[in-house]
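Chains as they are written, first to last, in the numbering used here: chain X, 1 to 114; chain V, 115 to 226.
Treat the hints loosely; a few may be bogus.
No farther apart than 25 Å at their CA atoms in a straight line, the calculated lysine-lysine pairs in the BS3-like style are these [as the list claims (entries may be wrong)]:
#1 V:Lys-170 - X:Lys-57
#2 X:Lys-17 - X:Lys-57
#3 V:Lys-170 - X:Lys-11
#4 V:Lys-156 - V:Lys-185
#5 V:Lys-156 - V:Lys-182
Residues from chain X shown here face chain V by an in silico Cβ test under 8 Å; the list is partial [as the list claims (entries may be wrong)]:
#6 Asn-10
#7 Val-12
#8 Gly-16
#9 Gly-40
#10 Gly-42
#11 Leu-43
#12 Phe-45
#13 Phe-65
#14 Phe-105
#15 Pro-107
These are calculated hints, taken from the structure and not from any lab test.
Where is the CB? At the ideal position from N, CA and C, for every residue including glycine.
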Amino acid sequence: GAGVSQSPSNKVTEKGKDVELRCDPISGHTALYWYRQSLGQGLEFLIYFQGNSAPDKSGLPSDRFSAERTGGSVSTLTIQRTQQEDSAVYLCASSPRSGTDTQYFGPGTRLTVL
Amino acid sequence: GESVGLHLPTLSVQEGDNSIINCAYSNSASDYFIWYKQESGKGPQFIIDIRSNMDKRQGQRVTVLLNKTVKHLSLQIAATQPGDSAVYFCAENIMGYQKVTFGTGTKLQVIP
């Protein structure tokens with residue numbers, strides 16, 4: 001079956017512009033996670049969804065970052081007024097239910113802010 | 115240009131040798147641990163997991179060891195192959211909670 005997909009795979013934008021990143025989780029997975037991975041570094045937790053609600057937004061770096069999930073499926077991560085330090089790979093993962101379920105990752109979106 | 119981030123620790127291993135990748139986890143309340151493998155240009159992929167009521171678990175060519183006393187986790191790969199070259203992350207979780215915390219990762223280089 002289809003895995004987690006993310007789009008676009010690459011995004012180059014100018015400083016100050018808004019960007020929207022999309023994640024399509026595995027069908028039926030109720031938990032969805034967003035992470036950020038900077039060059040040569042580990043995964044930084046941003047936010048997770050259980051269904052359409054986001055109980056934990058503690059990882060969002062600033063109020064320029066927001067995320068939503070609709071219909072318990074697709075999620076979008078929006079970054080407003082992008083800054084150069086936002087350049088990173090943004091990874092999405094889904095799991096059947098909870099943190100103790102295996103997380104299945106998408107290939108990521110590489111964001112470059114010029 | 116793009117800023118240079120911290121370099122990941124790197125482990126270089128001869129093909130056919132065994133590899134041991136170590137991880138120190140942060141939360142003594144964590145009771146579920148996972149190892150992920152990330153190949154270049156791809157998202158992390160699950161390798162093996164272990165719950166805190168165990169101190170060892172074996173998979174195919176991989177073994178995870180857990181030492182809760184010192185909050186240490188290790189991944190052993192037997193007969194390392196070129197295809198094992200990747201970045202390996204440990205992750206911790208408290209069962210019943212959604213958030214999974216990832217370690218910084220170790221880059222494994224297999225020398226043919």
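Structure-based check of all given hints:
1. Distance restraint check for Lys-170 of chain V and Lys-57 of chain X: the Cα-Cα separation of roughly 34 Å exceeds the 25 Å cut-off, and the hinted pair is therefore not satisfied.
2. For the proposed pair Lys-17 of chain X and Lys-57 of chain X, the alpha carbon gap of about 23 Å is at most 25 Å, so the pair holds.
3. A distance of roughly 42 Å separates the Cα atoms of Lys-170 of chain V and Lys-11 of chain X; the hinted pair therefore is violated under the 25 Å criterion.
4. The suggested pairing of Lys-156 of chain V with Lys-185 of chain V is violated, with an alpha-carbon distance near 29 Å, which exceeds 25 Å.
5. With a CA separation close to 31 Å, the supplied pair Lys-156 of chain V and Lys-182 of chain V exceeds the 25 Å bound.
6. At about 11 Å, the closest approach between the beta carbon of Asn-10 of chain X and any beta carbon in chain V exceeds 8 Å, and the interface hint on this residue is violated.
7. The beta carbon of Val-12 of chain X is not positioned within 8 Å of any beta carbon in chain V (closest approach about 11 Å), and the interface hint is therefore violated.
8. Taking 8 Å as the C-beta cut-off, the interface hint given for Gly-16 of chain X is violated, the closest approach to chain V being about 18 Å.
9. The criterion of a C-beta within 8 Å of any C-beta in chain V is met by Gly-40 of chain X, whose closest approach is roughly 4 Å, and the hint holds.
10. Against a cut-off of 8 Å between C-beta atoms, the interface hint on Gly-42 of chain X holds, since the closest Cβ of chain V lies about 4 Å away.
11. For Leu-43 of chain X, the shortest C-beta to C-beta distance to chain V is roughly 4 Å, which falls under 8 Å, so the interface hint holds.
12. Taking 8 Å as the C-beta cut-off, the interface hint given for Phe-45 of chain X holds, the closest approach to chain V being about 6 Å.
13. Using the Cβ-Cβ criterion of 8 Å, the hint placing Phe-65 of chain X at the interface with chain V is not satisfied: the shortest such distance is roughly 17 Å.
14. Given hint, Phe-105 of chain X at the interface with chain V, holds; its Cβ is 3 Å from that chain's nearest Cβ, closer than 8 Å.
15. Interface hint at Pro-107 of chain X: satisfied, since its Cβ lies 5 Å from the closest Cβ of chain V, which is below the 8 Å cut-off.
Violation of the numbered hints given earlier is confined to hints 1, 3, 4, 5, 6, 7, 8 and 13; the remaining hints are satisfied by the structure.
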